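There are 2 protein chains.
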Amino acid sequence: MLETIDLDKDVSKAAFQSEFPPLQQRVFELQRELRDARIPLLVLLEGWAGAGKGEAVATLAERLDPRGFKVHALFPPTPDDQARPFLWRYWMRLPERGRLAFFHRSWYWHILDAPAEKAVSSDAVAAATREIVEFERMLVRDGLVLVKLWYHLSAKEQRRRLKKMRADPFERWRVGSEAKSQRKRHERYLAAAEAMLAETDTTEVPWTIVEATDRQFRLLKTFKTVVDAMQRAVDTGAPAAPARAPRASIAVAALKAQPTLLDRVDLRRRADERKYARDLPALQIRLRELQFLTHAAGIPTVVVYEGWDAAGKGGNIRRVTELLDPRGFTVVPVAKPEGDEAVHHYLWRFWRHMPRAGFLTIFDRSWYGRVLVERVEGFATDDEWRRAYQEIREFERSLTRFGTVVVKFWLHISPDEQLRRFEERQETPYKRYKITDEDWRNREKMEVYRPAVVDMLRETSTREAPWTIVEAEDKRWARLRTLRVLCERMEQALAERSGDGSVRTKAGKKKHNKKKGKRRGRDRR
Amino acid sequence: MLETIDLDKDVSKAAFQSEFPPLQQRVFELQRELRDARIPLLVLLEGWAGAGKGEAVATLAERLDPRGFKVHALFPPTPDDQARPFLWRYWMRLPERGRLAFFHRSWYWHILDAPAEKAVSSDAVAAATREIVEFERMLVRDGLVLVKLWYHLSAKEQRRRLKKMRADPFERWRVGSEAKSQRKRHERYLAAAEAMLAETDTTEVPWTIVEATDRQFRLLKTFKTVVDAMQRAVDTGAPAAPARAPRASIAVAALKAQPTLLDRVDLRRRADERKYARDLPALQIRLRELQFLTHAAGIPTVVVYEGWDAAGKGGNIRRVTELLDPRGFTVVPVAKPEGDEAVHHYLWRFWRHMPRAGFLTIFDRSWYGRVLVERVEGFATDDEWRRAYQEIREFERSLTRFGTVVVKFWLHISPDEQLRRFEERQETPYKRYKITDEDWRNREKMEVYRPAVVDMLRETSTREAPWTIVEAEDKRWARLRTLRVLCERMEQALAERSGDGSVRTKAGKKKHNKKKGKRRGRDRR
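Top line first, the protein sequences correspond to chains A and B.
Per this note's numbering, the first sequence starts with residue 1, numbered consecutively.
Per this note's numbering, the second sequence starts with residue 1, numbered consecutively.
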């Protein structure tokens, strides 16, 4: 494909001088129109070293309001980037609504440079390609305008340019190791580029090839492509404003009648005090050791807590973390998005908190808000929450593919138990802060939330990231259960990592050291 | 001092068992009280390797609500940290209002480990010490509760412990290179610790020495110290809520009468079109080359734009950045703090955007909002904005000491010119978005803003970070002036860096290449 491109395309000076200035002016005007419509734009520039990507970015940026855009020169991933799923660094740089970003190099590094330099398996490239396609589709559906430009040069022309740049002391620093690699491994780069372009040129997010031999031609084509995309976005209008009407008017009676998987949860499960006093510290110590082992193995863990109000999430999380080394975990309480969080894709704020390899992050409520509260309260449109199931599955697969252990708990209680706990909170002075008018309002909507919960559990329970419905009518039972599931999942990940299917914790080795258990682990130093 | 500490302090098991649990419960309760009072707490743990810092953090964290605290294990600075002033990494980890943070190692690394390993000059240590004292004072005045703990051990006891830890496969990983260094250079570490403790034990932020030989003793002392500090904070109450009454009632007539330095600004300065067309591109090209040179030299630049509404900040910034390589600069528009920004010290959000070595950041409005809009509108208390002058001087010195070029522009126009521009904006369709009701309201307050501006210019113009008052009645003049000042300041920094007092830009070398100037630099690739 790349070899058939006509690299001799050029444009006369006169044509350039008449066409270019209006385009530059138009980009400037469209910047404001996008801002007012709160539409984000991302232009990513890929292509051969020396093909003029840097100049194109600079020229695009030249007349723009510099307060409204950011340029990211994305060099190969740093160790910090590598400690997280590969899309993390790009998520962190996505433009806010109404703002522009230019990526000089992008996520395509992972399926172009990486395989060209033979650093990764073809399976890994295929998986990364798939993630990229899904990622881009998700962003554009959310309203991002994404322009992908490939600057193409012949090998001969590239050599000529790089030579010239190296001879100029003010240009020399721009010639990076990338250029060197491409020269040395030209055939491999070409093959990787062909494959990359073929597989990521989708209807929703197509590539634009910029024939880069002639400077004026490539600038004109760059600007035309960007202006067209911006104009189209403005004409189509911003993504539909979310419908804000709550959906509490659904025929609740009809919903009640249907038995769902939630009705099959056995809420009679109980742990008596003796069992709890014995098992809790043992499980906590086991988990602490698994924390060390996963830290050593570089395995990150993500735990999601969802559940009915007053289902005991807070106390449960506290029992899970109690004996952990606090340097290795973080608990992220999730509330309504504000500030930075409110001007990005709904998954952005969770990506932000993704644990580094070897660390543990617990989300107290999570991205599932999209298909729970946002669906029920109408903060997300029908289309938005419906496609969120797939987006969430893909998101979690990005994590698990990186090796993250993803554990999801739904803490389930009966409406009666919830009422009992609400009343208890209201009556106990030091618990009163936990209960608000909103909790009572949500309680009234329990029947409307129910189908949303059922859909969520059904749609997003995957083999790699399954839901665990925790019978939480009895808090002690629920705590033992979450601890046990978490331990098992981490053990499984360690076993898969080591390959021999077995994990030996210190506690296990010592056949459950009772004395240690009783001291509840406070003997570390 | 350290040698006189009684390291044999211990506590009986019975005493521990009766005293400890209530303390642990109290920390838990106080966590909630601090949260409700929106008071942030930071406990930093320093001391000998193996003295029990990790255990102390873990025990403190054990019973807390994990959703309300974060533990930061601060290893030696990474290359990313080193590309910014040393306090940056600590700023980024400060707890939000109402939340807790534990720093396992802290900014004291820079005046303890660094000098002990002879990596820095004693001048640098003295300067860093001073910055630390200022930094801590600023934080506690803002309402942060800061507890500094030094865990002390004898060299002999340390050796014994580390040996034991290394023998245990589950503890071995905790013994870091720090322990090794301390063992090898014990005397040097001891001397550095003595000096550090002596110089940073201030009335406002004292050290607590924790005699760390006996486990129970050190845990009790840790908890008592933390509980006392938290209790004191709760008793004293949160920092006074800012007075929200605008101060527009000041006797404006009296203020008008006094001539100030603003009255001496010569607003008749003008640049004619010919001069502008000639000088602007020349200065822009010079600046672009300085961008490359400072990038190569690793010198960061911070530019602050302040000025009256409609003084032309946006257009001025655009002329400054027009020909720069956009991969090397960022423009940060500053508005009312929201989300994350609103729950931190007012300087936090600016630290967040500090450029890496070699990069340029332009702030369109800045931390000076504290002594301008926040003072005038009453968003900051009298005490807060008054002490901000010193805080800002210290903040900017942190930057300049790191080698940052700090350039500050006050764009000055007359009230008549402002009125003319407001009216023009109102009449020009594509400029109308720039003018809001608030602008008109602010205009009415111009006479109240005036003394705030005068105080700001007088109080915060330092030798390292002087203000430039830009005569902005004529936009062309103002643009040439800011560009010229910026170029001069960057050249000066380069000259100081290279030591020979001269900088050679390409443009200079070529004696102002006219052709290049006319093409306005679009010939880069």
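Don't read these hints as lab results, they were simulated from the structure.
Note that the structure is predicted; figures quoted are calculated from it, not measured.
A couple of the hints might just be wrong.
What the hints assert, rightly or not - Which residues of chain B face chain A? A few of them, derived with a C-beta cut under 7 Å, are:
1) Ala73
2) Pro76
3) Arg327
Glycine is no exception: its CB is placed at the ideal position from the N, C-alpha and C atoms.
Checked hints:
no.	hint	in the structure
1	Ala73	holds, 4 Å
2	Pro76	violated, 14 Å
3	Arg327	holds, 4 Å
Checked against the numbered hints given earlier, this structure breaks only hint 2.
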